[in-house]
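Enquirer: If you read the sequences in order, they're chains A and B. The UniProt record's numbering puts the first residue of the first sequence at 1, with every later residue one more than the last. The UniProt record's numbering puts the first residue of the second sequence at 1, with every later residue one more than the last.
Be aware that one or more of the hints could be misleading.
[As the list claims (entries may be wrong)] One-sided excerpt, in silico: chain A residues whose CB lies under 7 Å from chain B: (1) T46; (2) I283; (3) P300; (4) Y378.
Read the hints as simulated data drawn from the structure, not as lab findings. Computed from a predicted model, the values in this text were never measured in an experiment. We put the CB at the ideal spot given by N, CA and C, even for glycine.
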Amino acid sequence: MLCFKVMRNFSLWSSVPLGQLDSMSGVVAQYEADDFPQKVNLGVNTYRDNNGNPVVLESVTKALQMVREKKLDNEYPPIEGLQSFIEAAIKVGYGESYYAKNNKNIAGCQVLSGTGAVRLGFEFLNKFVPSGTKVFVPNPTKNIHPIIAKMAGLQSQEYRYFDPITKQVDFSGLSEDLYSAPNGSIVLLHACSHNPTGCDLELYQWKQILDLTKQKQILPFFDMTYQGFTSGDLEKDAQAIRLFTEAGVPIILGQSFDKNMGLSGQRTGCLSLVCSNEKEKLIVVSQLNLIARSLWSCPPVHGARIVETVLNNPELFKLWLCELRVMAQRMKKMRVSFTKALKDIGSPHDWSYISKQFGMYSLTGIGPAQIKELIEKYHIYLLNNGGISIAGLNESNIKYVAQAFHEVTKHNFI
Amino acid sequence: MQKLQLLQNQFNPTSDDIFFHIVQAPPDPIFGIANAYKADTSSTKIDLGVGAYRTDEEKPYVFEIIKKLEKEIVNDPTLNKEYLPIEGLADFNKGCQKLMFGQNSPLIASGQIVTAQCLGGTGALRVGFEFVKRHIPGDVYVSKPTWSNHNQVIERAGLNQFEYPYFEPKTKGFNCAGTIECLSQARMGSIVLLHVCAHNPTGVDPTEAEWLQIADVCKKRRLVPFFDCAYQGFASGCIEKDVFAVRKFAELGFQMIVAQSFSKNMGLYNERVGAIHIVTSNKDISARVLSNLKIVIRTICSNPPAIGARIAAKILTDEKNFNAWVEELKTVTGRIIKMRTLLKQELDNLKVPGNWDHITRQTGFFTFTGLTPEQCDLLTKQYHVYLLRSGRMSMAGITSKNVRYLAESIKAVVQNK
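Sequences are here, hints too, so could you generate the full structure?
Expert: Dropping the structure here:
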């Protein structure tokens, strides 16, 4: 009988360094640990109502009830996920009329929310675009975009997007950088509610990017995490998608239902690619499946069943549209109120850019020293990059937050 | 896996048709069979392809305890419906550790086990191998044969793989000597992928003494054990006994990786419930390992889906629920064992040529029948019996009603010249 012990003082993992993650993770933990009664969480990454509470949408609750009544089993879905969900997601993403004419050409795959869409999409592109093709990502963008590109084997490069002085889109910089990109490059574009800046492109700017795309055979990869959540209008928020697809440009689209259906915990998303014909679509789906099989085998169904039910049931769909409008309008209202509150207090700075932006996030330009003061003195938690989540503002705390921002910035700014 | 050739000289950057050069990927060997079965209109068709449990009425099965707990969770207004942490639900992770390593494992108390929730077994394997690639890259040794998706996951993670001769076709048993010999030639620091129990696809497991021999060669060559546990409960019918290998290696002081899946033993196939465990030498290193594991997870899915883990956590952390689950699992595994016995009986009664002892000797979901790919093709095309071309048959698809037809079909293809 063999008796032995492996040496305990040898560590397999001793050379593993401490991993650095993005700015979001520490903030929420700090906030939770704080017992200051007026604390404010401006790092929250999901919607909050005017009482600071998370919201479970009524349309989602009703949809879940309907799903449960079907008493479905727990069998493996296909590798590409639930077909009914994929169809419904593509329909809402591309619009009814485009869908009606072209759905046979759109290769779709259910994925783990926006992150899963980018991961699967980038892995697919790395396999099939000429080697050396780069992904161009906006500066700034979600932290994980360049990291996922690297994991997938793609080189990434930034294009100018945000002007920290005007706090608007640096469109001439953007155009210059994309014009000088190699032909055939992949360009990642945020369809709406740019994360982390809140600065979105106007229609005339999208048209110029469309021209550039055609000229340089760019592969546009749209990250659409906030459809409906931005303006309250699904069509308006997808205007870039409508523009590009109507012009016949083949796009890649990553969609998420985390925020617009409040289903963040269920990780429900869709990756789609516009192909030339049905035969090609089937081929592309087969290749997506091959990659997905080694990432997660097949996606989780709970969220997909709910989303599919909401999107396909006319009553629930109508209800959902109302709920979307309520959320989008509340955030717009907070933006406007915050700007006004700072003006009323007498801040020497122009905060109007906040009310011109969209969605959940805003980059304030606030620097590390001021962030530290906001946290330590005022118990207001924001992101390391000076970004704030508008969802964390409400009618009860907005004056307090505005006062605090004024105090830390009245003598200086970054 | 075949590497797809990019037809560089055919990719035309000025063409609108950016995907025209892509070729059709082959259907997945396992999901492809399931699709073919679904499309078959024959009334005598039998699904012995994918490893998913069926009742004696050929119906999928949702555990009663799962139904009960799902209802509780859905109706609980206090439950946070938002993002889970990157590493998943804490209660679930703790529960997984206890189930795998033992309620009172000193490794849990000492903080030497790093655990993260993953997307089923596949998700845990991919996260584990991505972590290996980044931090302890080495050659990976996989059993010959192994689950088809292992090879794909390891390749996508960018690691080299070699086979150790696991299955001995002559005895239809575990080739211990061959395995030890092969592993003793492996480069130091290589990773060995080991099935904890109910080996997929062969159903053949090492004995306890053979596990000690494997541990010995791993120690000598400083090989890193990477355990895949998808069938805890399905091998012997006892959940503790089934993870003997993991617990023994842990006791022997190995630092290792374990991938754990609840797809089969909780029937949670479609909610992607799994976990990865990394055993370290102390809790400071554990903290660094966790921080890097989180980066890997973050770049695949950001954070895992909640509902499946909540259900599993309620089972793993509540004694009453746990016992109810164990009882139900015994019924499920008992039916599979009964089907093995029935099939063997039918084959013996029909005097089908060959030795069929392995059907009752092998454990878990699958039997490696020994049928050739051509015989399997014939079984499918002529008799509408769906199994893998490797000869792997999922016993969970056999019922008291179809077992005789199955035996007759096997007899027919075996005798067919």
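Enquirer: Hints first: check each against the structure and report whether it holds.
Expert: Hint by hint, here is what the structure shows:
Against a cut-off of 7 Å between C-beta atoms, the interface hint on T46 of chain A holds, since the closest Cβ of chain B lies about 5 Å away. Because the beta carbon of I283 of chain A sits about 5 Å from the nearest beta carbon in chain B, less than 7 Å, this interface hint is met. For the restraint placing P300 of chain A at the interface with chain B, the shortest Cβ-Cβ distance is roughly 4 Å, inside the 7 Å limit, so the hint holds. This hint is violated: Y378 of chain A has a C-beta 25 Å from the nearest C-beta of chain B, more than the 7 Å allowed.
Against the hints set out earlier in the document, a violation occurs for number 4 only.
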